[in-house]
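Asks: Please model the complete structure; the sequences and the hints are all you need to start from.
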Amino acid sequence: MLHYASKKVLRAVLTIWIAVTITFFLLRLLPADPTLLVVEGDMTPEMQQALREQYGLDKPLFVQYLLYLGELLTGNLGVSFRQLVPVADVLLARLPWTLLLAGSAFVLTILIGIPLGVYAAVGRGKVVDKLVQFLGITSNALFVPSVAILLLVVFAANLKLFPIGGAIDPDTRGLAAYASLLQHLALPLFSLVLVQVGPYALTLRTNMLEVLGEDYIKSARSRGYTPRRTTWLHALRNAFIPALTLMGLQLGTLVGGAVLTETIFAYPGVGRLIYESVQQLDYPMLQGAFVMLALTVVLANLATDLIAMFLNPRIRT
Amino acid sequence: MKRYRGTGIVAGIAAAALLLSGCGLNEDQGEQPDAEAGASTLRIGTTTDVANFNPLGSLSKTDSWILNAMYPQLLRIDGNAEKVPELAEGYTLEDDGATVIYTLRDDFEWTDGEPVTASDVKFTAEAIMEKQLGNVAAKLTWVESIEAPDDTTVVFHLSQPYAPFAEGVGFWMRVVPEHIFAEAGDLSAFANDQADGWVGAGAYVLDSMTRGQRYVLKANENYPYAPEGGAAVGTVEYVVYPDVNTMILALRNGDIDLMGTPVPASAAASLQSEADITMEEVGSLGFAHLTYNMQNPTLAELPVRQALSMVVDTKSIISTILQGDGQEMVGPISPIFGEFDNPDLDAYPFDPAAARELLEDAGYTDADGDGMLDGLSFEVLCDQSNANLTRVAEVVREDAAKAGIDLTVACIERNTFLSRTKDGQYEIDLSQWGVFDNPMDQLRSTYLSSNPGGINYNLVEDPELDALINDAAATVDRAEFVEKIQGIDEYVHDQALLTPLYVETFRFAYRSDRFEGFDPSPSDLLGMVTGYSLSQVRPL
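Residue numbers (the working numbering), protein chains in the order written: chain Y, 1 to 317; chain R, 1 to 540.
Any given hint could turn out to be false.
[Claimed, not checked] Counterexamples of contact, computed for chain Y against chain R with all Cβ distances above 10 Å:
| no. | residue |
| --- | --- |
| 1 | Tyr4 |
| 2 | Lys7 |
| 3 | Leu69 |
| 4 | Tyr119 |
| 5 | Gly269 |
[Claimed, not checked] Ranges of calculated distance between the beta carbons of each label pair, as one might list FRET restraints:
| no. | chain 1 | residue 1 | chain 2 | residue 2 | range |
| --- | --- | --- | --- | --- | --- |
| 6 | R | Ala39 | Y | Ala186 | 28 to 36 Å |
| 7 | Y | Arg28 | R | Pro297 | 30 to 38 Å |
| 8 | R | Ala354 | Y | Leu26 | 47 to 55 Å |
| 9 | Y | Asp89 | R | Ala39 | 28 to 36 Å |
| 10 | Y | Phe62 | R | Gly185 | 41 to 49 Å |
| 11 | Y | Asp171 | R | Ser319 | 42 to 50 Å |
Because the hints were derived from the structure by calculation, they are not lab data.
Every residue gets a Cβ at the ideal spot worked out from N, C-alpha and C, and that includes glycine.
Replies: As structure tokens, this is what we get:
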């Protein structure tokens, strides 16, 4: 068991190292130069050289890489090219917003997606199934920015039910602050859930259909268990295993995919930070953000694996 | 039910996230602001956060807007693109222009109560020179020494006379408080965020911020140019909307009162019909252009460049692509610079047939009979993020084909574009200059063969042009100086080093049902949001 766990942890560390390395070299392979973005118009060659030195870009690529890895091991993500402050500080300020948005989208997607998938599978071929399939395909085809703008125009601009952009009204205190937080969260959350829930429900429906045809379900029914109990307890339990894996992967998509949502809804999370940092070619900031995202996904998967280990005796032995 | 624990953990993470951002919501915002009677708040939309608070090295537009309002400059640019007094009452030249003397007002004061003095100006310029900070470092190239003989006099000694020195430094340099910055250590990174708040002396000074959302500035009571009794707008709030469409919705909804960024041409018509919104038209200090790489042997031939200039239909480009929001220009000097723009120049006519004739006279033929003249294939490099220019590229490509010139359009991602232009990897550069505050700096940066600022995108090395520019740069007499600039305007036009496309007119939208009295300056860098402009605004 310890052997299994340590193997998993080692693999997680390896994955993060690969992610860090790819990010590092990918950014430096871009045919662009961050120093050019610092001064608009006149920039003397001396100034450019000074900036290269300040950014550490004057050293050979491999030396830069080793230095970066060394700093990373001591927990130092470096200093932002553009903001001139430690990357970790900026990320930590932005992370809660992304966790809030992506985390609640994640939970809501599951809470809505599971019943939809189950009902569709049980009522196969009926209206409810057709509706779920329709929703699944439509939601999969939706383009987040279009949905986001549409929601803003209808619910914020025309109906004035929600604010346009931002995460919270900084002038509110106490309970009003929480209300403001939820109000600002509603539309970006809804657009994220809308595009995620369809594919999720469809996957679960397929799994359920497969499981519902298994012998043990038939035997459970023949033993006199109610259809409801068979479906929700016996079938869902097994249909849920592949869906669990999907969830782990989805977390990464959600956090990373928040880029567009956060940009349109002016939500101050990591996604928007990445969007801005790409435009500014802020290497340390981008590296830090990607390391953090990789870490989130890897940890989530590691957690899933370890939980599965405790739940599944076959892995344990 | 064991397997459902996965969901429980996820829900736990989400709950923790909720708590993380939830516990003590807005506690770092300090006291809840009271609805202050009398002082009104103006909210401005911007697309980016403040990246960097360092007034000596900062660059993004939002940075500039906020820092320009906080730190006084010696001169400012008024609505006619003329330099007018700000911190300096004026300046005089001595030693045939090799000595520049600014006289400062004595009533500017830092928000911590210290007066703004000549020694702050001297300190700022010396710090910039020592560390080569920002684009101001290039403006100070000629400075040998600086003196501050008394509190209101600053003397710059130059190695040689440079005509627009006083204007360039006066406009670009943000003066910082010596008593704070001298103690700060590394000035290239210092943000001036004191424990007890920011210290500035401009019209508005930063008071608080919520990163990613908003930046709040308070009016400086001691700003000498505010109307009698102080600025009517007591608080300026910058609100961040990364997506311009979201920002437009926010303006319509009344969540903001002014869009700091210009309205895109595509959205202008719909905003026009809104009764509560007015769009103010503001000129620009830059212009869009096609610039030819003179290191390319074919483009180095004059008839080829002239022919290219004759396939660009600027009139229809302005009326269709800019929807009329632009002005034509003939030579390299923008009409916004008034007297410097040579009135005797005639634009190259739009005439693809004549262009083809010109090329055939120069010896170009169509041997393979494909309709295109042989050896006349060029790539037009442009910045994809400028929607207008990508459309211009297509129009020009089609018209050039009529003259037998084969253009390929390469509109690429902005950062790659900048990198390729810097390295001279292009044949024709289609781009837009941002801000030139005076024509002399522009000509010097864009045409000197020594390429001092790295933006001689023609890569032209012409001793005659060099001589003309250096001669004009040392000319102190105003009339003579104007005449020499006009002469260079004509020379560059005759050489067809560039084909100017247009001077864009920016439209800034604001809630005219709430505010009036903006005093805009040209360019999207200054626009409606200079400290001076904001201090003149009145609520309705």
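Asks: Taking the hints in turn, state whether each one holds.
Replies: These are the hints, each one checked on the structure:
1. The Cβ of Tyr4/Y lies farther than 10 Å from every Cβ of chain R, with a closest approach of about 18 Å, so its non-interface assignment holds.
2. No beta-carbon of chain R is positioned within 10 Å of the beta-carbon of Lys7/Y; the least distance is around 20 Å.
3. With 10 Å as the threshold on Cβ separation, the claim that Leu69/Y sits away from chain R holds: the shortest Cβ distance comes to roughly 24 Å.
4. Listed as outside the interface, Tyr119/Y is consistent with that label: its C-beta sits roughly 18 Å from the nearest C-beta of chain R, beyond the 10 Å cut-off.
5. Some Cβ of chain R comes within 10 Å of the Cβ of Gly269/Y; the nearest lies about 8 Å off, and the non-interface call is violated.
6. Hint check: Ala39/R to Ala186/Y, Cβ distance near 32 Å, so the stated range 28 to 36 Å holds.
7. Restraint check, Arg28/Y to Pro297/R: a C-beta distance of roughly 34 Å satisfies the suggested window 30 to 38 Å.
8. Range check, Ala354/R to Leu26/Y: Cβ separation about 50 Å, and the 47 to 55 Å hint holds.
9. Restraint check, Asp89/Y to Ala39/R: a C-beta distance of roughly 33 Å satisfies the suggested window 28 to 36 Å.
10. Taken as a hint, the range 41 to 49 Å is violated for the pair Phe62/Y and Gly185/R, whose Cβ atoms sit roughly 32 Å apart.
11. In this structure the hint that Asp171/Y and Ser319/R lie 42 to 50 Å apart at CB holds, the actual value being about 46 Å.
Hint compliance for this structure: hints 5 and 10 are not met, and every other hint is.
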